[in-house]
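Guided by the hints, dock chain Z onto chain U, whose structure is given.
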Amino acid sequence: MSGFRLLDLVKFFVPILPEIESPLDNQSFDEKIVFTVASGIIFILAQFPLYGLIPNAYLEIQDPFFFNRSIFAMEKGTLLELGLLPVITASFLWQVAAGLKLVKVNFNLRSDRELFQTGQKLTAFALAAVYGLGLIASGYYNNVIKGFEPTDAAPFPSLSILGLILLQIVATSSIVTLMVEIFDKGYGFGSGCLSFIALQVATTFVRDIISFESYAKGEVSQTYGALASIFVSLKDFKFNTESLARTDLPNVIQVLIVLFTILVVIGFQNFRIELPIRSTKMRGMANVFPIRLMYTGVLPVIFAFTVVTNLQVLGYSLSSVLSAFTSSTIASSVIGSWTLNANNNNLELTSGLLYFLSPATSVFGTLISPIRSIVYSSTIVVISCWFANFWSKISGSAPKDIAKQFKEQGITIASKRDVSITKELSRVIPVASVSGAFVLASIAIAGDLLGGLGKGVAAVVGVSAAFGVLEEFTMEVQQSGAGSQFAGAFGGK
Amino acid sequence: MSTSSSQAPGGLRNAVKRKATAEKKSQSANALPLSTRAAGAGGSSATMMKLFTDEAQGLRVDPLVVLFLAVGFIFSVIILHVFAKITGKFSS
Numbered sequence: 001m002s003g004f005r006l007l008d009l010v011k012f013f014v015p016i017l018p019e020i021e022s023p024l025d026n027q028s029f030d031e032k033i034v035f036t037v038a039s040g041i042i043f044i045l046a047q048f049p050l051y052g053l054i055p056n057a058y059l060e061i062q063d064p065f066f067f068n069r070s071i072f073a074m075e076k077g078t079l080l081e082l083g084l085l086p087v088i089t090a091s092f093l094w095q096v097a098a099g100l101k102l103v104k105v106n107f108n109l110r111s112d113r114e115l116f117q118t119g120q121k122l123t124a125f126a127l128a129a130v131y132g133l134g135l136i137a138s139g140y141y142n143n144v145i146k147g148f149e150p151t152d153a154a155p156f157p158s159l160s161i162l163g164l165i166l167l168q169i170v171a172t173s174s175i176v177t178l179m180v181e182i183f184d185k186g187y188g189f190g191s192g193c194l195s196f197i198a199l200q201v202a203t204t205f206v207r208d209i210i211s212f213e214s215y216a217k218g219e220v221s222q223t224y225g226a227l228a229s230i231f232v233s234l235k236d237f238k239f240n241t242e243s244l245a246r247t248d249l250p251n252v253i254q255v256l257i258v259l260f261t262i263l264v265v266i267g268f269q270n271f272r273i274e275l276p277i278r279s280t281k282m283r284g285m286a287n288v289f290p291i292r293l294m295y296t297g298v299l300p301v302i303f304a305f306t307v308v309t310n311l312q313v314l315g316y317s318l319s320s321v322l323s324a325f326t327s328s329t330i331a332s333s334v335i336g337s338w339t340l341n342a343n344n345n346n347l348e349l350t351s352g353l354l355y356f357l358s359p360a361t362s363v364f365g366t367l368i369s370p371i372r373s374i375v376y377s378s379t380i381v382v383i384s385c386w387f388a389n390f391w392s393k394i395s396g397s398a399p400k401d402i403a404k405q406f407k408e409q410g411i412t413i414a415s416k417r418d419v420s421i422t423k424e425l426s427r428v429i430p431v432a433s434v435s436g437a438f439v440l441a442s443i444a445i446a447g448d449l450l451g452g453l454g455k456g457v458a459a460v461v462g463v464s465a466a467f468g469v470l471e472e473f474t475m476e477v478q479q480s481g482a483g484s485q486f487a488g489a490f491g492g493k
Numbered sequence: 001m002s003t004s005s006s007q008a009p010g011g012l013r014n015a016v017k018r019k020a021t022a023e024k025k026s027q028s029a030n031a032l033p034l035s036t037r038a039a040g041a042g043g044s045s046a047t048m049m050k051l052f053t054d055e056a057q058g059l060r061v062d063p064l065v066v067l068f069l070a071v072g073f074i075f076s077v078i079i080l081h082v083f084a085k086i087t088g089k090f091s092s
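As they're listed, the protein sequences go chains U and Z. For the first sequence, full-length UniProt numbering assigns the number 1 to the initial residue and increments by one for each residue that follows. For the second sequence, full-length UniProt numbering assigns the number 1 to the initial residue and increments by one for each residue that follows.
Check before you lean on any hint, since a few could be wrong.
[Said to hold, decoys possible] In silico DSS-like pairs for lysine-lysine, Cα to Cα no more than 27 Å straight-line:
(1) U:Lys-101 x U:Lys-423
(2) U:Lys-281 x U:Lys-104
(3) Z:Lys-24 x U:Lys-400
(4) Z:Lys-17 x U:Lys-423
(5) U:Lys-404 x Z:Lys-25
(6) Z:Lys-85 x U:Lys-423
(7) Z:Lys-17 x U:Lys-400
(8) U:Lys-416 x U:Lys-101
(9) U:Lys-423 x Z:Lys-89
(10) U:Lys-400 x U:Lys-104
(11) U:Lys-423 x U:Lys-400
(12) U:Lys-416 x Z:Lys-17
(13) U:Lys-281 x U:Lys-423
[To be verified] Just so you have them, the derived chain U footprint on chain Z, three or more residues with Cβ under 8 Å:
(14) 57–71
(15) 79–90
In case anyone wonders, no lab produced these hints; they're calculated from the structure. Where is the CB? At the ideal position from N, CA and C, for every residue including glycine.
Just chain U, with the same shape it has in the complex:
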């Protein structure tokens, strides 16, 4: 033990942090389904409007984060205001820091692993509090708080209502973190974060297409869903072109971008290189070992957007606080300045550093600000590729680790000597993971540049996340699905 470790700080908080009990024995298939569905329903329920805001607050909130909401399930004006952002950020912070050896962790020790895990949870809670405070301090909710009109005497809402909002946001975020833990501990399928992202993207997509909710917009009422809007107008024997390109509610173009993105991503899921392997113990046992193009799945893209979204959230809070509490506007405008788009209440970046880390809102916008488009796209792509390379080395699926597994199982690559397996694998794996990340990031960026307002990114992330979960699900079905009540009921056996 040499010197001070960040991990030791976590020890102080260990006794008060809730820790889900691990399942005593392996959860049965049915129990897993029940836990997965129950957590999913609770997650959806958490998209309930915050108490203390005016009705339909989410139409009125001036929203600076509109383009990366759906990736992190950040639903504005609801309990899930922060969504999965704190927990995903916390996990990346710790795991990347450990991979870069910025924090000293000896993963061979069980006690260190436990502290590491508790550190992630503590960070998730702390980040939720910080972001919640930041949003409230930035005056994000000021124009939607019920019964509050800013006057010269009282320019800020009362502390009690702000405290109540903060409490709701932070409590929901903690609950989400604990539900992620329920998934990860093996009560549900796959990883909590990815399952929730997939769930969120799926429900948002369906809502964007066929939601029949209607909103009064001036004199006319509009239907939320893009196709539903056309459908409703057909009822009156006219064709409503409003929903083709409207910017305040989902439009047909976004739906098409999402649909196209989903198809492309599904197509790429199956790309793989198959290395011929054979058993060293038995003669004639030949098989293939697939190395997928998406070797690191969708994690690189999520990581890139986690970085960007965190910068946006922190930058927005900081900039607002700076401009509210200091007289000079230089510092806040260097970070970024926003203008309100009155049509959809989105706050669009117009200048500052953050401007270059945000996509344009339409194809036209992309073309007239080429520097921003290029900087934004290359930031995302470069971060994704770096992370893919890095992650493929540290995540326990590095060429060295796989070669070790091969040796334990008595497998070798056909016509290669034992020692050169690592070399052979390291010719394929980094290339596959980096090019896979490049492809996914490019698809995501393409949707954004065409004016998808983050929906394309969400589709990429959601579909790939769903594939990851599905993989684990099917494996589970094959292993223990036989005695399952659900498989009996739905499989028609």
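Frame of chain U; chain Z shown alone:
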């Protein structure tokens, strides 16, 4: 130098080089794992992000308790909304 550079059959010709490769090998063999999964425990894999797979010390809670508390929390917010609606109707 004549003693140390006695050739090993099939090995590198130079003793310094041999030492360097041996060191490199031992270093890569003894390198600490950089993630929980690399250490052989659960945790994030190449495609899955998992945070909480070990059972750590702390305030033990049953998963069902968490789910029920979550539902309770959301319902308490719903009830707040309902109360606000009712009192709003009476007072205005």
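So, going through the hints one by one against the coordinates:
Between Lys-101 (chain U) and Lys-423 (chain U) the CA atoms are separated by roughly 25 Å; this keeps the pair inside 27 Å, and the hint holds. A C-alpha spacing of about 40 Å is found between Lys-281 (chain U) and Lys-104 (chain U), which places the hinted pair above 27 Å, so the restraint is violated. Proximity of Lys-24 (chain Z) to Lys-400 (chain U) is assessed by CA-CA distance (about 14 Å); at most 27 Å being required, the pair is judged to hold. For the hint pairing Lys-17 (chain Z) with Lys-423 (chain U), the CA-to-CA distance comes to about 21 Å; that is within 27 Å, so the pair holds.
Proposed proximity of Lys-404 (chain U) and Lys-25 (chain Z) is supported: the alpha carbons are some 15 Å apart, at most 27 Å. With a C-alpha separation of about 68 Å, the suggested pair Lys-85 (chain Z) and Lys-423 (chain U) falls outside the 27 Å cut-off, and the hint is violated. A C-alpha spacing of about 23 Å is found between Lys-17 (chain Z) and Lys-400 (chain U), which places the hinted pair at or below 27 Å, so the restraint holds. Restraint check for Lys-416 (chain U) and Lys-101 (chain U): not satisfied, since their Cα atoms lie roughly 34 Å apart, outside the 27 Å limit.
Using a Cα cut-off of 27 Å, the hinted pair Lys-423 (chain U) and Lys-89 (chain Z) is violated, with the two alpha carbons roughly 74 Å apart. Restraint check: the Cα-Cα separation between Lys-400 (chain U) and Lys-104 (chain U) comes to about 22 Å, which is no more than 27 Å; the hinted pair holds. Distance hint between Lys-423 (chain U) and Lys-400 (chain U) is fulfilled; the C-alpha atoms sit about 9 Å from each other, no more than 27 Å. Pair hint Lys-416 (chain U) plus Lys-17 (chain Z) holds up; C-alpha atoms about 26 Å apart against a cutoff of 27 Å.
With a C-alpha separation of about 22 Å, the suggested pair Lys-281 (chain U) and Lys-423 (chain U) falls inside the 27 Å cut-off, and the hint holds. With a threshold of 8 Å between beta carbons, the proposed coverage of the region 57–71 of chain Z by chain U holds, since 12 of its residues qualify and at least three are required. Note: the region 79–90 of chain Z has 3 residues with beta-carbon separation from chain U under 8 Å; the three-residue rule is met and the coverage holds.
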